[in-house]
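Let chain B serve as the given structure and place chain W on it in line with the hints.
Protein chains: 2
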Amino acid sequence: MQFHLNGFEPGDPTIADPARRDAGSGASGPLPQEVDVLIIGCGPAGLTLAAQLAAFPDIKTCIVEQKPGPLLRGQADGVACRTMEMFEAFGFSERVLKEACWINETTFWKPDDRVRENIVRSGRVQDTEDGLSEFPHVVLNQARVHDFYLDIMRKSPAALEPYYGRRLLDLEVDATLSGDDVNPHAVTVRVERVDAAHEGQIETIKARYVVGCDGARSVVRKSIGRALHGDSANRAWGVMDVLAVTDFPDVRFKTLIQSAKDGSMLIIPREGGYLFRLYIEIDKLDAGERVSNRNITSDDLIAAARRIFNPYKLDVKQVPWWSVYEIGQRLCDKFDDVSADNPARLPRVFIAGDACHTHSPKAGQGMNVSMQDGFNLGWKLASVLRKRSPSALLHTYSAERQAIAKELIDFDREWAEVLSSAAKSSATADGNGFDPAATQSYFVRHGRYTAGTAAQYQPSILTGDATYQHLAAGLTIGMRLHSAPVIRVADAKPIHLGHTVKADGRWRIFAFGGAEDPAAPHSGIGRLCHFLADAPQSPVRKFTPAGEDIDSVIDVRAIFQQSHHDLAVETMPGFLLPAKGRFGLRDYEKIFSADRRSGDIFSTRGIDRERGCMVVVRPDQYVAHVLPLDGFEQLAAFFNGFMM
Amino acid sequence: MQFHLNGFEPGDPTIADPARRDAGSGASGPLPQEVDVLIIGCGPAGLTLAAQLAAFPDIKTCIVEQKPGPLLRGQADGVACRTMEMFEAFGFSERVLKEACWINETTFWKPDDRVRENIVRSGRVQDTEDGLSEFPHVVLNQARVHDFYLDIMRKSPAALEPYYGRRLLDLEVDATLSGDDVNPHAVTVRVERVDAAHEGQIETIKARYVVGCDGARSVVRKSIGRALHGDSANRAWGVMDVLAVTDFPDVRFKTLIQSAKDGSMLIIPREGGYLFRLYIEIDKLDAGERVSNRNITSDDLIAAARRIFNPYKLDVKQVPWWSVYEIGQRLCDKFDDVSADNPARLPRVFIAGDACHTHSPKAGQGMNVSMQDGFNLGWKLASVLRKRSPSALLHTYSAERQAIAKELIDFDREWAEVLSSAAKSSATADGNGFDPAATQSYFVRHGRYTAGTAAQYQPSILTGDATYQHLAAGLTIGMRLHSAPVIRVADAKPIHLGHTVKADGRWRIFAFGGAEDPAAPHSGIGRLCHFLADAPQSPVRKFTPAGEDIDSVIDVRAIFQQSHHDLAVETMPGFLLPAKGRFGLRDYEKIFSADRRSGDIFSTRGIDRERGCMVVVRPDQYVAHVLPLDGFEQLAAFFNGFMM
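In order, the protein sequences belong to chains B and W. Counting from 2, one number per residue, gives the positions in the first sequence under the numbering used here. Counting from 2, one number per residue, gives the positions in the second sequence under the numbering used here.
Next up, chain B with everything else stripped away, as it sits in the complex:
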């Protein structure tokens, strides 16, 4: 898709008339008085959380935002492979694939050895290593990511719309109501309306849970007495979206330029084929100096970009958005309101996204990690509010996401150092250079990190131990389910196994068949299905409410190594062809075979062909456990650990 040719226009580019691209002005009327979950802030974390909660019509969610309406331009743009996998679960990956700019290769430029004030290309790498994900790394205006979430929310069972023009004043947790499992409306929140028509009106809302997705200056964070810790770095960067004419040949590649004397610049090509973004290094700030004191203008940024581009020309025609910021890697020590002196107290208030971790945007991680915060918290809140899990499950949010954020900050600091350091390398002659080869090597090594696929949760009630990891060596416990192609047996459709995991709050058990005849009554899959269907200790029996479909809490799917032509649905256990809904219609989408043409999942994911195994996958697509097919007790014990 090509668009923005005659100037940047916000909104859905498939609507020809920009004036008809209204993304909706949100909910009207006053806030509800009482809700289950109140989300503060319509950024990536808040919208991911809201979209997840909107899937449950029995949960009353409210999301408020200080701005008068949806975001239209600017801010983040990187969408990592891992995020695309999550968008697939939310049901809009195909829209992003179509509209976004794909990052296919990254190129590196350095000073020309002959004429040091010129730059020359020093290298080129494939952006994402083969097989890392079934999705590419893409970039897209954050505003469009918001739009897709808003669309999903609107279409969801809860039909959720944000309340715009609301500024959080303060919140109070009634400690006397905390500490039990009935989820009282223990948090009282005061919000001020800031739109012209209602300016100054105060609204009070009571919530069982409040989630602060209100950015780096989070009021929620302050209200629970937490702070961001870390160095405020003394390095400033400018970021600028431009429509420009240049003879620089790599302007449609992600490109890192390190000039001899004018600093570094990162080029991010953007959606629509014409727009691109420049991250431009501004010279060092003095200790204590704030970038705002420099009075930097977009013309300053253009001038700096031109110096770095030498000998190439840059003729900027339009700057739809620009900003100047200081790099600051900062982190909260905890992402909820549970204090260290009373760690058993149940959390009532959470923070997510920039409210609890900030960082340089150059690793392209910010928006991505924030969305994973929201995805992590969303299903847990739903599980507790729907009485499927005890409230103690909510402790795992801070534990899991704080550790991941810390890793990100560490990675980000290191990466920023590599980008910025002008005196780091001993490999250059003048002592004022850098090491392009080292940068490129670093970039390649950290590809998995940047793709968002390196995150791993540590053992906990939600993450099993590695005793049986060898049965599925390529599906790492604690890491996101690495999807692979399979064939659906009932209709021979080639699909991605991971795409059966939707953002619907359900758990999955993927049962991989062993070497035996799958139709044999005592096959591993046959006995597992018998256990799951009939045994009193079966988590499926135990945790599925009466009257609901058998797969409504735990969705069990089987994958066989035989060709789909050698399998017969009519010989499969009835548990894998469940009768569902008011008519008792059969669900034919539970049985799969390896897809030998696209890569046999047993080979690519290291499944034990002799024994098979079970892979338990969380509602947020992370692998929770790997167990033998007959690991009935361990399976029951695992689910008993966090379900009720």
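Each statement offered as a hint is correct.
Label-pair restraints from in silico Cβ distances:
no. : chain 1 : residue 1 : chain 2 : residue 2 : range
1   : B       : 171       : W       : 598       : 53 to 61 Å
2   : B       : 388       : W       : 296       : 49 to 57 Å
3   : B       : 518       : W       : 597       : 39 to 47 Å
4   : B       : 474       : W       : 598       : 20 to 28 Å
5   : W       : 23        : B       : 404       : 42 to 50 Å
Note that these hints are calculated values from the structure, not bench results. Note that the Cβ used here is the ideal one computed from N, Cα and C, for glycine as well.
Positioned in the frame of chain B, the structure of chain W alone reads:
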């Protein structure tokens, strides 16, 4: 995507609440008094035509429909590969891929040799041969195809909405105004409003062109004195969409069942994972007997299906839609109002879809061919109305589409015969059987036909001769452009070359480079670009209006056989990096290389590696010509044949 579990619900299944799926009630107010094109009927042909014309804000189009609103259920469901390719050009293929049911394999069932009243599986074939198209064969409720078109129309520059509740009364062509190129509003149409609020109101509208997409009982057809010719076959079929429970194992495959004594049945699995369609043979009608006289009910169809299914059970829970019809392959001899005694007279009225060709639905062709009618006529009307082509271009619509429809009827009659004939084969013992092996073989041989990729236009002003066909042996002149993967050089994105062809009325020249260094100034591509950019006889120079982008009429793209790493955009002719729009931004999406990982297009499409070639592609994706890279004169002559 799974849906319809608790009963069929029309509309967009991603909207959770069926009550919020309103697809729009169309345009309000009276009809305009004067339009360029008036389309009668919101079926597949009419909507394809309307969606094409809606791309041009300078064309005034009106589409009317007798029904009170959008179609909600029933009718056709087959979407051939070729149709998916067209949907890609219209910009909604990804939505259909996601929502539709994919037909991956077809199975065949026959009487059990041991127990003749039972059926057994006799064979299984892959539905679409490898490499036939980059898209699968899918099935989806015709109503949803309409919805996608309506959405495209709404978003298009012309922002088109149908006028519902309008019944065509009559039309009159003022012959005194015909025969010239100024496109007068020569057709006067009278329409009656049939909605309750305006019942009986008559509206008169004048149009330059009228297109009758008003179905098998077309009033437009009658008004221009044409008739459908052909046999009214004496064979009746029932069609029924069901939500049902069955132990028949292939209910999610397209399945052809031929029973020993109870006739044939075709199963079409449908979108959402639960719904399926049954086509059931009803016994022969007597000569002159109409199926309507039989008083067949849906219970009769269910009973017949149960007999054919023996020994499998069928428990029907819901019948969202059903119908009974006679097979009739019928065809008009001409698809416009130009009479044989005055063939040079310019056409003013056209007919498309079922209005000019009807047939059995079992080949799954009806909706597909009708849409191709609309696609064929759409760009031609736009080209004439926008004064890019003389009106005589419009003669090619009937010439091209009538020949294709005739081929379809012939194929369809043969196919229906194979399905229906119970006494045809000599291979069965009792003389009352059929030949499953012959049926299956027929099915395989005709796969390309069914996929819609076999259609070929004969040489004409729009279809060149085969002199240079050998330079691109796999891109057949007169057939649809068979896409293949390529790499976009400026950003290394893997894309499908054919997907650069959008439904925007533009012509394409794909210039494939020869063996020489592409950067050499006198390379074949270099000299072609020089000709196209500068020569007075260049069709690009000649036919592009002043002030419009250089690719607004003819879009030229180059494909090189070298790896994209061995190509440099900065060494390419400026013509391939055109400055566009009000800022003169560079378009980086004109230069491609072969994609060796996904199949080198030079090999898969038989491009002459030594000489290269030009492939000229029509706005409706058909290959118009293949010429040598230096075939400047032939290229100029070709475009001079139909452009002005």
